[in-house]
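Work out the full structure, taking the sequences as your base and the hints as a guide.
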Amino acid sequence: MDKVLELCLRSIIRHISGDMELSKEYQELALEIDFDTKCICRIEDHISKNTKRNLYEMVS
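Position 16, counted from 1, in the sequence shown is what this note's numbering calls 16; the numbers after and before it change by one each time, with no gaps.
I should point out that these hints are in silico values taken from the structure, not numbers from a laboratory.
In silico lysine-lysine, BS3-like type, Cα no more than 30 Å apart, as pairs:
#1 LYS24 / LYS3
#2 LYS38 / LYS52
#3 LYS38 / LYS3
#4 LYS38 / LYS49
#5 LYS38 / LYS24
Printed below as a string of structure tokens:
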């Protein structure tokens, strides 16, 4: 999260300074890192116990 915040702040500073190209690069890097960190989760954590049980019964 610290890296995302750092890149966002760099992007804002570059945008204010008028360097739109570098600002956009920092913004895209921050979004990519944020997306990657959100994708690190198990599907198991998002499925209810009832649904898991039903899936196991269907497969068995």
